[in-house]
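Trainee: We have chain R; now place chain D onto it with these hints.
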Amino acid sequence: MNNLEFTLLVGLGSFMAGFLGALTGLGGGVVLVPLLTLVFKVDIRYAVGASLVSVIATSSGAAVAYLKDGFSNIRIGMFLEIATTLGALFGAFLAASVPTAAIGAIFGLVLIYSGYLSSRNPVDPPQDGPADPLAARLGMNGTYPSLTGPKQYHARRVPLGFSMMFGAGTLSGLLGIGSGAVKVLAMDHAMGIPFKVSTTTSNFMIGVTAAASAGVYLSRGYIDPTLAMPVMLGVLVGSLAGARVLARTKTKLLRWVFAVVIVALGVEMLYGAFTGKV
Amino acid sequence: MFKKSDWTDQKVEVVIANLLRAGVTLAATVVLLGGLIFLARHGFSRADYHVFAGEPSDLRHWQGIAHAAFALNGRGIIQMGLLFLIATPVARVAFSVLAFALERDWLYVGIAAFVLLVLLYSLSGSAI
Numbered sequence: 408m409n410n411l412e413f414t415l416l417v418g419l420g421s422f423m424a425g426f427l428g429a430l431t432g433l434g435g436g437v438v439l440v441p442l443l444t445l446v447f448k449v450d451i452r453y454a455v456g457a458s459l460v461s462v463i464a465t466s467s468g469a470a471v472a473y474l475k476d477g478f479s480n481i482r483i484g485m486f487l488e489i490a491t492t493l494g495a496l497f498g499a500f501l502a503a504s505v506p507t508a509a510i511g512a513i514f515g516l517v518l519i520y521s522g523y524l525s526s527r528n529p530v531d532p533p534q535d536g537p538a539d540p541l542a543a544r545l546g547m548n549g550t551y552p553s554l555t556g557p558k559q560y561h562a563r564r565v566p567l568g569f570s571m572m573f574g575a576g577t578l579s580g581l582l583g584i585g586s587g588a589v590k591v592l593a594m595d596h597a598m599g600i601p602f603k604v605s606t607t608t609s610n611f612m613i614g615v616t617a618a619a620s621a622g623v624y625l626s627r628g629y630i631d632p633t634l635a636m637p638v639m640l641g642v643l644v645g646s647l648a649g650a651r652v653l654a655r656t657k658t659k660l661l662r663w664v665f666a667v668v669i670v671a672l673g674v675e676m677l678y679g680a681f682t683g684k685v
Numbered sequence: 003m004f005k006k007s008d009w010t011d012q013k014v015e016v017v018i019a020n021l022l023r024a025g026v027t028l029a030a031t032v033v034l035l036g037g038l039i040f041l042a043r044h045g046f047s048r049a050d051y052h053v054f055a056g057e058p059s060d061l062r063h064w065q066g067i068a069h070a071a072f073a074l075n076g077r078g079i080i081q082m083g084l085l086f087l088i089a090t091p092v093a094r095v096a097f098s099v100l101a102f103a104l105e106r107d108w109l110y111v112g113i114a115a116f117v118l119l120v121l122l123y124s125l126s127g128s129a130i
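Sequence lines, in order, name chains R and D.
First residue of the first sequence: 408, per our numbering; consecutive thereafter.
First residue of the second sequence: 3, per our numbering; consecutive thereafter.
These are calculated hints, taken from the structure and not from any lab test.
Beta carbons: idealized from backbone N, C-alpha and C, even for Gly.
Incorrect hints may have been included.
Listed next, the stretches of chain R that the computed footprint assigns to chain D, with coverage defined by at least 3 CB atoms under 8 Å from CB atoms of chain D [what the hints assert, rightly or not]: (1) 448-462; (2) 675-683.
Some but not every residue of chain D turned toward chain R, in silico, with C-beta under 10 Å [unchecked claim]: (3) ASP11; (4) GLU15; (5) GLY25; (6) ALA29; (7) ALA30; (8) LEU41; (9) PHE54; (10) GLY56; (11) PHE72; (12) LEU74; (13) LEU100; (14) LEU104; (15) ARG106; (16) VAL120; (17) LEU121.
Next up, chain R with everything else stripped away, as it sits in the complex:
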């Protein structure tokens, strides 16, 4: 395959990943690395580097739409970014010392788990737990717009959420994914923050988290410009197109199909890792 064919095919694949990722709300990053390693036979370190870069692009591109809605909470985001950026640095260190087969295996497990997570229905957590005094001190409590006017919420269990965010950052730095699913889990399940606030704040944090490990990947020579070019442009255009179409489609079936694809890729990654193909 020559460079022109490779660029066009990878660009098209990345476009589809970004498009479906935005349409289903699952993010395109999680299918990029399996696509590059299993279909295009790219070394997993290059694949992770290119994926990280595209994650920054989609997160920053989508933030424009979210920030103006008034759902995201910049204080919750900034405070938890302490945990995700430190985790991302740790994950980038791990990426250099862990064998590539192990990275492939962890990736497979994360894919299967993400597929499972996306099959559950988003429900707002009950607001009955005790408010965390730490959350009040950190100015994390806020309001979000609803049909009946601004609604108040309080954050709970800040230390638990913070530790889970460190884990999300580590996965992001090791696998080159946004790990939005884990970030949302930390905010809505652990901290009791409403689902819509969690997802928009998570998207907002993904770019900063990915930037923390991208610096390390760049100086280690894991970011190849000619591979990252079609991946980044394809995912960016795909996710912007997906966000446009989103308003006019029923996504329930699509979400389910995409979840099945993710689980299948996870099984394939695990198989590849144990047979030495990844």
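Mentor: Chain D alone, transformed into the frame defined by chain R:
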């Protein structure tokens, strides 16, 4: 010039949104430009990413990348665009430090400054 009341979280979010959009647009344009130059010159050479060799040392830090980009090397220009992209969230955090300072929220000035330091440490290349 800046009164405290002028700077609300809502207004900060709008500025940040515009900052992010400008950064991504700039980065994508530069990457596309570099990609076209690369494909025009090397489009018909064989593509191989199966064997990991690591990038040459001049594409690993900003001085080398700037040098390659100004020499109109396609790979150098793409890498420059990627550097702009990585710098976009960093600029966002740097702006947040300033915005929290204008809101007189010193706790969050400290928190944002810490996140900024982690990002700069990663980008400085000393974190290998």
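Trainee: The structure should be examined with respect to each hint, and the outcome stated for every one.
Mentor: Tested hints:
Coverage of the region 448-462 of chain R by chain D holds [criterion: at least 3 residues with CB-CB distance below 8 Å; count 6]. Here's how the region 675-683 of chain R fares: 0 of its residues keep a CB closer than 8 Å to some CB of chain D, so the rule of at least three is not met and the hint is violated. Below 10 Å, beta-carbon pairs count as interface contacts, and ASP11 (chain D) has one with chain R at about 6 Å; its hint therefore holds. At a threshold of 10 Å, the smallest CB-CB gap from GLU15 (chain D) to chain R is about 4 Å, leaving the interface hint in force.
For GLY25 (chain D), the suggested interface contact is upheld, since its CB lies about 6 Å from the closest CB of chain R, less than 10 Å. Among the interface hints, the one on ALA29 (chain D) holds; its C-beta lies about 7 Å from the nearest C-beta in chain R, closer than the 10 Å criterion. For ALA30 (chain D), the suggested interface contact is upheld, since its CB lies about 6 Å from the closest CB of chain R, less than 10 Å. The criterion of a C-beta within 10 Å of any C-beta in chain R is met by LEU41 (chain D), whose closest approach is roughly 6 Å, and the hint holds.
A cut of 10 Å between beta carbons decides the hint on PHE54 (chain D): the least distance to chain R is about 4 Å, and the hint holds. Restraint check, GLY56 (chain D) versus chain R: the minimum CB separation of about 4 Å is within 10 Å; hint holds. Look at PHE72 (chain D): its Cβ only gets to about 15 Å from chain R, farther than 10 Å, so that hint breaks. At a threshold of 10 Å, the smallest CB-CB gap from LEU74 (chain D) to chain R is about 14 Å, leaving the interface hint violated.
Restraint check, LEU100 (chain D) versus chain R: the minimum CB separation of about 13 Å is more than 10 Å; hint violated. The interface hint given for LEU104 (chain D) is broken, as the beta carbon of that residue sits about 14 Å from the closest beta carbon of chain R, more than 10 Å. Given the 10 Å rule on beta carbons, the hint for ARG106 (chain D) is violated: about 12 Å separates it from the nearest Cβ of chain R. Among the interface hints, the one on VAL120 (chain D) holds; its C-beta lies about 4 Å from the nearest C-beta in chain R, closer than the 10 Å criterion.
Below 10 Å, beta-carbon pairs count as interface contacts, and LEU121 (chain D) has one with chain R at about 6 Å; its hint therefore holds.
In this structure, the hints that do not hold are numbers 2, 11, 12, 13, 14 and 15, in rising order.
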